[in-house]
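*Asks:* Each chain, letter by letter, is given below.
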Amino acid sequence: MAQPTASETHAPEATKSVAELQQIAAQVRRDIVRMVHAVNSGHPGGSLGCTELLVSLYFKVMKHTPEPFDMDGIGQDLFFLSNGHISPVFYSVLARSGYFPVSELATFRKLNSRLQGHPATHEHLPGIRVASGSLGQGLSVATGAAQAKKLNGDDRTVFVLMGDGELEEGQIWEAALYAPHHKVDNLIAFVDRNGQQIDGPTEKIGGLGDLRAKFEAFGWRVLETDGNQFETLLATIEEAQSLLGQGVPVMVLMDTQMGFGVDFMMGSHKWHGVAPNDEQLATALLQLEVEKASDY
Amino acid sequence: MKDFPYTESKDTRSGFGAGLHELGKTNPNVVALCADLIGSLKMDAFVKDFPERFFQVGIAEANMMGLAAGLTIGGKIPFTGTFANFSTGRVYDQIRQSIAYSGKNVKICASHAGLTLGEDGATHQILEDIGLMKMLPHMTVINPCDYNQTKAATLAIADYEGPVYLRFGRPVVPNFTPADQQFEIGKGVLLNEGADVSIFATGHLVWKAILAGKLLAEKGINAEIINIHTIKPLDARMILESARKTRCVVTAEEHQMNGGLGDSIAQLLAREEPLPLEMVAVNDSFGESGTPDQLMEKYGLNETAIVAAVEKVMARKAK
Chain U
237 MAQPTASETH APEATKSVAE LQQIAAQVRR DIVRMVHAVN SGHPGGSLGC
287 TELLVSLYFK VMKHTPEPFD MDGIGQDLFF LSNGHISPVF YSVLARSGYF
337 PVSELATFRK LNSRLQGHPA THEHLPGIRV ASGSLGQGLS VATGAAQAKK
387 LNGDDRTVFV LMGDGELEEG QIWEAALYAP HHKVDNLIAF VDRNGQQIDG
437 PTEKIGGLGD LRAKFEAFGW RVLETDGNQF ETLLATIEEA QSLLGQGVPV
487 MVLMDTQMGF GVDFMMGSHK WHGVAPNDEQ LATALLQLEV EKASDY
Chain P
5 MKDFPYTESK DTRSGFGAGL HELGKTNPNV VALCADLIGS LKMDAFVKDF
55 PERFFQVGIA EANMMGLAAG LTIGGKIPFT GTFANFSTGR VYDQIRQSIA
105 YSGKNVKICA SHAGLTLGED GATHQILEDI GLMKMLPHMT VINPCDYNQT
155 KAATLAIADY EGPVYLRFGR PVVPNFTPAD QQFEIGKGVL LNEGADVSIF
205 ATGHLVWKAI LAGKLLAEKG INAEIINIHT IKPLDARMIL ESARKTRCVV
255 TAEEHQMNGG LGDSIAQLLA REEPLPLEMV AVNDSFGESG TPDQLMEKYG
305 LNETAIVAAV EKVMARKAK
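These protein sequence lines are chains U and P, in that order. Numbering of the first sequence is given in our numbering, commencing with residue 237 and proceeding in unit increments. Numbering of the second sequence is given in our numbering, commencing with residue 5 and proceeding in unit increments.
Heads up, a few of these hints could be off.
Here are the simulated lysine to aspartate or glutamate pairs, DMTMM-like style, with alpha carbons at most 20 Å apart [to be verified]:
1) U:Lys419 to P:Glu56
2) U:Lys386 to P:Asp53
3) P:Lys321 to P:Glu245
4) U:Lys252 to U:Glu467
5) P:Lys302 to P:Asp288
6) P:Lys138 to P:Glu165
7) P:Lys321 to P:Asp200
8) P:Lys223 to P:Asp200
9) P:Lys302 to P:Asp124
10) P:Lys6 to P:Glu197
11) U:Lys386 to P:Glu56
12) U:Lys419 to P:Asp40
Derived from the structure by calculation, the hints contain no laboratory data.
Work out the full structure: start from the sequences and follow the hints.
*Replies:* What follows is the structure, given as structure tokens:
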């Protein structure tokens, strides 16, 4: 596999200020609500809640090459989305960081689109390395990809995001047991700890309890952060990166608010998988103003 | 009836182990994963000589399938190893989403398929795995007949880009395939030319079909015997050519009738050339504990059953 040349590589834009990231995040949020509104389906709540994380990774933290997209990603940092239902935020961030035309966001969930309801390698949409949607599989895949990097002598990092409700899937705990045992220390996993799942609060449905203690008992280094504040989140990611290469994988428990950025969607599981109507969209877009809006 | 001399009987799983070990030497991208069954899958030699490319996953098959999908990202060719039951039914959704739908180059290698696993009983004797795997879009499904063919198949699937299900078994069976025979995915192997009936067999039933061919020859029936080692993609051309010549068909496999080789061939004939067909397969039943030979007899998967099916189908042939 050809190594990307320096000019092609989307180098970590370390110089991007928090103010700039906030503008990108606002634009991504505009995309999210417009995408789900257009097809009256999709998952805005978790998408809005994870916007800071995906914007941080793709516009600041990760070294990656959007064009030409290379499935193997040798020499690049990789991101896997295990909770595939928050595809709107993933698609927006991929498009806006150069993986495919922003205009293609208009095809989300429509017939013959590369932007399936849940991410798929369908028609080879650049930026997607594995399908997700059926929950619980992403941590295993990311761990395998991290082990492939080790075999290849590739020192870049693998990132993966899971939902908190998703942790009720048994396969997550198989992978959680495996990664520390095999010293997969080039892996940073995030849990979107918004406390909500379809049928209600996670603590009412699945009783996840003390996730720090659980993952520590499984052998992970665990960090906790506010997932909706760039300063805190970026500092935590930096700390997580500093812990790599020590024989232990890193788990970041990220407190977020479902629906963050749109006041009437915030903090409620009601907006897990419901699209806004015309009036609600207008209200949301008013709250998501950006200096130079570039809506698709 | 042609003769099929052999000097030894060996298990097909050992053919897999030998093939995997050879791949370790010849293909640096091949990696192997196992769910706590190294000895049963005959992966010991690979584990010993290529420890850095072997991943012991423990009893966590779902995780193994996800890890394998992830390992392909970076150019590895993962071979997963566990029993057929735990390679398919237990992890169907993981294979479906992370491997098949995602188009990942994973080789799902499955031992102890079917009744011949023997005494462990029905919990472990999967008879639905071919059906489960062949229903997945773009999945290749292979069920070789003996040690040499399983070894050759193991080598061949490493050179093929895409997800593959490779099914083999536990008992020793005559090793009659020439050691130098190339394995061509999707190509049937003509074992005996005949004019009266076409017998299409796969896996352990191929040898039973040869035994049946001898019994039939004694009765003056000249059977065409073809080894269909690849259930998907099916060698439609070879199957139709033979069926059009003999005008009646028997299929034989260590699997349920529903979803197996017979089911695939019945679909093909119904569309292209409706002809009488009989299936030697398990008829909507779970297995049970017993020796492999006892089980194959009780569930009608031996040469006697094939001969009976041939006589039945020939009686149905248009005069």
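*Asks:* Take the hints in turn and mark each one as holding or not.
*Replies:* Each hint tested on the structure:
no., hint, verdict
1, U:Lys419 to P:Glu56, "holds, 13 Å"
2, U:Lys386 to P:Asp53, "holds, 19 Å"
3, P:Lys321 to P:Glu245, "holds, 17 Å"
4, U:Lys252 to U:Glu467, "holds, 12 Å"
5, P:Lys302 to P:Asp288, "holds, 14 Å"
6, P:Lys138 to P:Glu165, "holds, 17 Å"
7, P:Lys321 to P:Asp200, "holds, 10 Å"
8, P:Lys223 to P:Asp200, "holds, 12 Å"
9, P:Lys302 to P:Asp124, "holds, 16 Å"
10, P:Lys6 to P:Glu197, "holds, 8 Å"
11, U:Lys386 to P:Glu56, "holds, 10 Å"
12, U:Lys419 to P:Asp40, "holds, 19 Å"
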